[in-house]
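Trainee: Sequence:
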Amino acid sequence: PAPGVWRPTPPAMAPFFDPWLGQMDPFVVKSPTQFDPGAPPPIASNLYVEEFNEVRDYGVNVGSLRSPQQTETALFFSDVGIGPLQAGLRDLVTRRGLDISESARLFAAVDLSLADDLFTVWRAKFDYGWWRPITAIREADTDGNPNTTGVPGWTPFLVTPPYPDWPSGLCGVVGVTSTALTRLNGDGRLDLNLTSAAAGVARHYEFAADLKQEATDARVWGGIHFRTADEASIVIGTQVANWALDHHFAPAN
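Sequential numbering from 1 applies to the sequence shown in our numbering.
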């Protein structure tokens, strides 16, 4: 362990979950490093300090600066990325009256892109091994940056998942979904309904930008990601989805 290096996080102290995902052969992109995000902001940078302070103040479990609406958003995105997303896709093709061919194309384009996005994100997590906010904030007195101060016992609002911070898994999913559906819908709209059991609410996202922004904010407000980890994954998901649609799912003659 060293400053910036990921290590298991409380409470479970579990090892890196499924690091082999980053070694998979993708379905539609060329390799899991084709859309590599590069390294996270270095600890000595002003951007790192800015994001450190943001997640420290807004992502903490007790005594946070979060508003009630921000807390709801953090909860909302804690569980919508898998099952609820697929329910949203089924709802979309039903409401829009897509036939069997159009529906098959949509599900294949979105879900194969999601798989390749996951491989890309997990490869970057494996290659860069960047520490989570809970570690960075608790260990800040040892990070070599005089502008960060350690907070012993700092605990995030959401439980930190057992894998590195950089980049974000959930935001990669959002990047893929928002990009693919906007292109496939053909009218510039996302038109996606999502329901979160954790937050107990349903939300409608008319446009991709709204979903991307809320997901990025949510992971910071939940205390489990630095902001650029989310932003980098939105870009990865967008790149993967565009590649898939440009090379594999164009309309047939």
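Calculated from the structure, these hints are not laboratory results.
All C-beta atoms, glycine included, are put in the ideal place defined by N, C-alpha and C.
Treat the hints loosely; a few may be bogus.
[Stated by the list, open to error] With beta-carbon atoms standing in for the labels, derived distance ranges:
(1) 33 - 197: 47 to 55 angstroms
(2) 95 - 18: 48 to 56 angstroms
(3) 204 - 53: 42 to 50 angstroms
(4) 185 - 20: 30 to 38 angstroms
(5) 151 - 107: 43 to 51 angstroms
(6) 2 - 204: 23 to 31 angstroms
(7) 104 - 141: 54 to 62 angstroms
Trainee: Evaluate each hint against the coordinates.
Mentor: Hints, verified against the model:
1. Between residue 33 and residue 197, the C-beta spacing of about 35 angstroms breaks the proposed range 47 to 55 angstroms.
2. Distance hint check for residue 95 and residue 18: the Cβ-Cβ separation is about 34 angstroms, which falls outside the suggested range of 48 to 56 angstroms.
3. A hinted range of 42 to 50 angstroms for the beta carbons of residue 204 and residue 53 is inconsistent with their spacing of about 33 angstroms.
4. Against the hinted window of 30 to 38 angstroms, the Cβ-Cβ separation of residue 185 and residue 20 comes to about 34 angstroms, which satisfies the hint.
5. Taking the beta carbon of each, residue 151 and residue 107 are about 45 angstroms apart, inside 43 to 51 angstroms as hinted.
6. A hinted range of 23 to 31 angstroms for the beta carbons of residue 2 and residue 204 is inconsistent with their spacing of about 45 angstroms.
7. With their beta carbons about 55 angstroms apart, residue 104 and residue 141 fall inside the hinted range of 54 to 62 angstroms.
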